[in-house]
Amino acid sequence: MSWASPDEIFLSTSLASYLDKKLLVLLRDGRKLLGILRSFDQFANAVLEGACERVIVGDLYCDIPLGLYVIRGENVVLIGELDLEREELPPHMTRVSAAEIRRAQKAERDATDLKGSMRKRMEFLDLD
Amino acid sequence: MLFFSYFKDLVGREVTVELKNDLAIRGTLHSVDQYLNIKLENTRVVDQEKYPHLLSVRNCFIRGSVVRYVQLPPEGVDIELLHDATRREARDG
Numbered sequence: 001m002s003w004a005s006p007d008e009i010f011l012s013t014s015l016a017s018y019l020d021k022k023l024l025v026l027l028r029d030g031r032k033l034l035g036i037l038r039s040f041d042q043f044a045n046a047v048l049e050g051a052c053e054r055v056i057v058g059d060l061y062c063d064i065p066l067g068l069y070v071i072r073g074e075n076v077v078l079i080g081e082l083d084l085e086r087e088e089l090p091p092h093m094t095r096v097s098a099a100e101i102r103r104a105q106k107a108e109r110d111a112t113d114l115k116g117s118m119r120k121r122m123e124f125l126d127l128d
Numbered sequence: 001m002l003f004f005s006y007f008k009d010l011v012g013r014e015v016t017v018e019l020k021n022d023l024a025i026r027g028t029l030h031s032v033d034q035y036l037n038i039k040l041e042n043t044r045v046v047d048q049e050k051y052p053h054l055l056s057v058r059n060c061f062i063r064g065s066v067v068r069y070v071q072l073p074p075e076g077v078d079i080e081l082l083h084d085a086t087r088r089e090a091r092d093g
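Taken in sequence, the protein lines are chains X and R. So in the UniProt record's numbering, spot 126 of the first sequence is number 126, and the numbers just go up one at a time. So in the UniProt record's numbering, spot 53 of the second sequence is number 53, and the numbers just go up one at a time.
Please note that a few of the clues may not be correct.
[As the list claims (entries may be wrong)] Label pairs and their computed distance ranges (CB to CB):
{"id": "1", "chain 1": "X", "residue 1": "PHE124", "chain 2": "R", "residue 2": "ASP78", "range": "25 to 35 Å"}
{"id": "2", "chain 1": "R", "residue 1": "ASP9", "chain 2": "X", "residue 2": "ARG31", "range": "27 to 37 Å"}
{"id": "3", "chain 1": "R", "residue 1": "VAL11", "chain 2": "X", "residue 2": "PRO65", "range": "35 to 45 Å"}
{"id": "4", "chain 1": "X", "residue 1": "ALA99", "chain 2": "R", "residue 2": "LYS8", "range": "20 to 30 Å"}
{"id": "5", "chain 1": "X", "residue 1": "PRO90", "chain 2": "R", "residue 2": "ASP9", "range": "33 to 43 Å"}
[As the list claims (entries may be wrong)] Selected chain X positions facing chain R (in silico; Cβ < 8 Å):
{"id": "6", "residue": "LEU15"}
{"id": "7", "residue": "LEU19"}
{"id": "8", "residue": "LEU24"}
{"id": "9", "residue": "ARG54"}
{"id": "10", "residue": "VAL77"}
{"id": "11", "residue": "LEU78"}
{"id": "12", "residue": "GLY80"}
{"id": "13", "residue": "ASP83"}
{"id": "14", "residue": "ARG86"}
{"id": "15", "residue": "GLU87"}
{"id": "16", "residue": "GLU88"}
{"id": "17", "residue": "LEU89"}
{"id": "18", "residue": "ALA99"}
Bear in mind the hints are in silico, worked out from the structure with no lab data behind them. All C-beta atoms, glycine included, are put in the ideal place defined by N, C-alpha and C.
Just chain R, with the same shape it has in the complex (with noise of 0.2 Å):
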C-alpha cells in the first residue's frame, strides 16, 4: 500500500519506466493501481531507434509485473516523508 500511495502522489510527473525486457519509456504518469501497473501519457521510448514499433504510441498501459525501475525526478521526492511512512509502515505492519 505505501508504494502505491507514493505513486499516486507522483501523478502528473515526469518519469522514466525500465522495463524487464530492458526498454525504458519516458512519460507523465497517468495513474496506478495496487498491483503497481502503470499508465504513462505523452510517451516516448528512449532509444527509439532500438524500438520502431513503439513510434506512434503515445499512451500506454505498463503491467506492474514487467517494471524493473521507476526513475524520478530528484525533485519530485521527499524523501523525509517516505522515510516517515515507511517507518510508519514497518511498524504497524
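Just chain X, with the same shape it has in the complex (with noise of 0.2 Å):
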C-alpha cells in the first residue's frame, strides 16, 4: 500500500479508512477473525485487538475469544468493514458453545475424509 497525501486518501487502498473499526478478516487457512483493526502496514500485517475467531459449521457458529493478534500480512485475503446497522449472520444460524463446535468441526471433518477415502477406492474403476 502507497501512502498516499491527504487529497488521495478518499481514493486510497490504504487501511488507514478501516483504522479503529470492527473488521472481519479473512485467512489463507479459511479462519475468519473478528476484531477492531489498530495497526497495518504496507506488507498488510495487522494488529486485531479484542480479535475473536468466528467458527461455522453448517448453521451453527460460535466466537472465540483470542484477545490481541499480529496477523502476517501474507495470510490475509480479504479484510472486510463491517455494516453494524446490518445483521453479521443471516438468521437461521444458531449460536452454540466452543465444545459443541469443536465437535461439530470434528464430524464435519471426518465426513470429508470419509467421502475422500471413498472416492479413492473408486477410482480404480475408471468409469470416465
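Build the complex: two chains, separate frames, hints provided.
Listed below in C-alpha cells is the structure:
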C-alpha cells in the first residue's frame, strides 16, 4: 500500500480508513477473525484488538475470543468492514458453545475424509 | 505499472473479483495500488449462501496476492487502447 497524500486518502487503497473499526479478516487457511484494527503496514500485516475467531459449521457458529492478535500479511485474503446496521449473519444460524462447534468441526472433517477415501477406492474403476 | 494504470482508469466500475480460494465478490472498484491490492465498495458475495459470514460486509480490502481473476464489463474495456499500451510497454521495457 502506498502512503497517500491527504488529498488522495479518499481514493487510496490504504487500510488507514479501516483503523479503529471492527473488521472481518479472512485468512488463507479459511479462518475468519473479527476484531478492531489498531495497526497495519505495507505488507497488510495487521494488529487486531479484541480478536475472536468465528467458526462456522453448517448453520452453527461460535465466536472464540483470542485477545490481541498480530496477523502476518501474507496470510490475509480479505479485510472487510462490517456494517453495524446490518446483521452479521443470516437469522437461521444458531450460536453454540466452543465445545459443540469443535465437535461439529470434527464431524465435518470426518465426513470429508470418509468421502475422500471412498472416492480413492472408486478411482480404480475408471468410470470416466 | 501497466495494469496499475489500467485499473486506475476503471475506478468506479462494477467488477467481480474471483479469489484463489474460489470466493467471488462483486462490487464497485474504489481504488487500486501498485501491488494490485483492491478496495471494493457495495460488495456482495456471488454465492451468498455458501459464505454467510460476509453478509454485512459492504466495503472490503482485497490483498493483490490472492486475486485469481478480475472480471470486467465488456463495455468497460477499450481493447485497442490496452493493446497499444502493451506494445509501448513491451517496446520501452
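Hint check results:
1. PHE124(X) / ASP78(R): 25 to 35 Å: At roughly 53 Å between Cβ atoms, ASP78(R) and PHE124(X) fall outside 25 to 35 Å, so the hint is violated.
2. ASP9(R) / ARG31(X): 27 to 37 Å: holds, 35 Å
3. VAL11(R) / PRO65(X): 35 to 45 Å: holds, 38 Å
4. ALA99(X) / LYS8(R): 20 to 30 Å: violated, 50 Å
5. PRO90(X) / ASP9(R): 33 to 43 Å: holds, 37 Å
6. LEU15: holds, 6 Å
7. LEU19: violated, 12 Å
8. LEU24: Hint on LEU24(X): holds, closest Cβ of chain R at ~6 Å, below 8 Å.
9. ARG54: holds, 6 Å
10. VAL77: holds, 5 Å
11. LEU78: holds, 5 Å
12. GLY80: holds, 3 Å
13. ASP83: holds, 5 Å
14. ARG86: holds, 4 Å
15. GLU87: Since chain R brings a Cβ to about 6 Å from GLU87(X), closer than 8 Å, the hint holds.
16. GLU88: holds, 5 Å
17. LEU89: Given a least distance of 6 Å, the restraint on LEU89(X) holds.
18. ALA99: Violated - the Cβ of ALA99(X) stays beyond 8 Å from chain R, reaching only about 21 Å at its closest.
Violation of the numbered hints given earlier is confined to hints 1, 4, 7 and 18; the remaining hints are satisfied by the structure.
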